[in-house]
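Generate the whole structure from the sequences, applying the supplied hints.
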Amino acid sequence: MDQRAILDHQFTVAAYAITWAIQLGYVAWLALKWRAQKRDAARNRPTVR
Amino acid sequence: MKKLAIGIYAAITVALLGWAFYQAMYVAPEEQTMHEVQRIFYYHVPSAMVAFLFFAISLAGSVAFLAFRRGRAEWAQAADAWALAGAEVGVVFCTVVLITGPIWGRRAWGIWWTWDARLTTTLVLWLIYVSYLLLRRFAAGPQVQTLAAVLGIFGALDVPIVYMSNRWWRTQHPAPVFGGGPESGIKDPAMLAAFGWNVVAWLAWGLLILALRYHVERQHQKLAAQEAQDALDA
Chain X
39 MDQRAILDHQ FTVAAYAITW AIQLGYVAWL ALKWRAQKRD AARNRPTVR
Chain E
78 MKKLAIGIYA AITVALLGWA FYQAMYVAPE EQTMHEVQRI FYYHVPSAMV
128 AFLFFAISLA GSVAFLAFRR GRAEWAQAAD AWALAGAEVG VVFCTVVLIT
178 GPIWGRRAWG IWWTWDARLT TTLVLWLIYV SYLLLRRFAA GPQVQTLAAV
228 LGIFGALDVP IVYMSNRWWR TQHPAPVFGG GPESGIKDPA MLAAFGWNVV
278 AWLAWGLLIL ALRYHVERQH QKLAAQEAQD ALDA
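As you go down the protein sequences, you meet chains X and E in turn. Take any residue in the first sequence, note its place counting from 1, add 38, and you have its number in this note's numbering. Take any residue in the second sequence, note its place counting from 1, add 77, and you have its number in this note's numbering.
Accuracy of the hints is not assured; some may be wrong.
Derived EDC-like pairs: lysine to aspartate or glutamate, alpha-carbon spacing no greater than 16 Å straight-line [claimed, not checked]:
hint : chain 1 : residue 1 : chain 2 : residue 2
1    : E       : K264      : E       : E107
2    : E       : K264      : E       : E151
3    : E       : K299      : E       : E151
4    : X       : K76       : E       : E304
5    : E       : K299      : X       : D78
If you're looking for bench data, these hints aren't it; they were derived computationally from the structure.
Structure representation (structure tokens):
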């Protein structure tokens, strides 16, 4: 592999890795938000007397 | 039953993403002038397509919210949740576009960024929708949803400008892949297949997280309504 091909490969891998990091990071944030909301909903649910 | 259907859909989406990645990295042939770095195109362009679609969903939700907000409160709330979900997931995909584009540009052009019409209008689109999300996050009061809907409609006006920018103006950005004249289009069938699989896979993934974001927002609305009712009852 020459220097140009190595750099091309590194840039391509970087673009793919960043895409996945953004997408999975967002899903993780959304999952945490959902879990916190479920907890709040359970806390606010009126208790049966 | 609903959980099973969602699980099957999620499993199919993950399989599609894996298959699309394999097609893009290992099956599609290397492009003759740009070489391997051209493979960024298989993530960059589908992300842009999905972002545009979700901004259109946000536009539809914003218009529906303004139409229903006086007469049908429940429909208006659902429309508002679609508008927010479309804008937020659209921003995620638009962020991918704005990062993968310059990575490709650094190798292809030798620069990370240029103030060319396509790049600038895309950045403006991203800034408008980020401001939409900031408005929803930090503003308070009964008019927030209405203000956000108006901003969402104005933001969506930038989408056709972004799409047409490299047709209307002379730009450094590559010519349109489709609909750009007789020379446009992907000629190699393996490249076309890799591109098609990535469009399908990222669209499926986008719809999955869009639905999840919509669900979370609806829960949030119900929780907020319940808290408001409790405050009134107290």
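Hint by hint, here is what the structure shows:
With a CA separation close to 13 Å, the supplied pair K264 (chain E) and E107 (chain E) stays within the 16 Å bound. For a cut-off of 16 Å, the pair hint linking K264 (chain E) to E151 (chain E) is broken: about 49 Å separates their Cα positions. For the hint pairing K299 (chain E) with E151 (chain E), the CA-to-CA distance comes to about 10 Å; that is within 16 Å, so the pair holds. For the given pair, K76 (chain X) sits about 14 Å from E304 (chain E) by alpha-carbon distance, which is consistent with the 16 Å threshold.
The hinted pair formed by K299 (chain E) and D78 (chain X) meets the criterion: a straight-line CA distance of about 11 Å does not exceed 16 Å.
Checked against the numbered hints given earlier, this structure breaks only hint 2.
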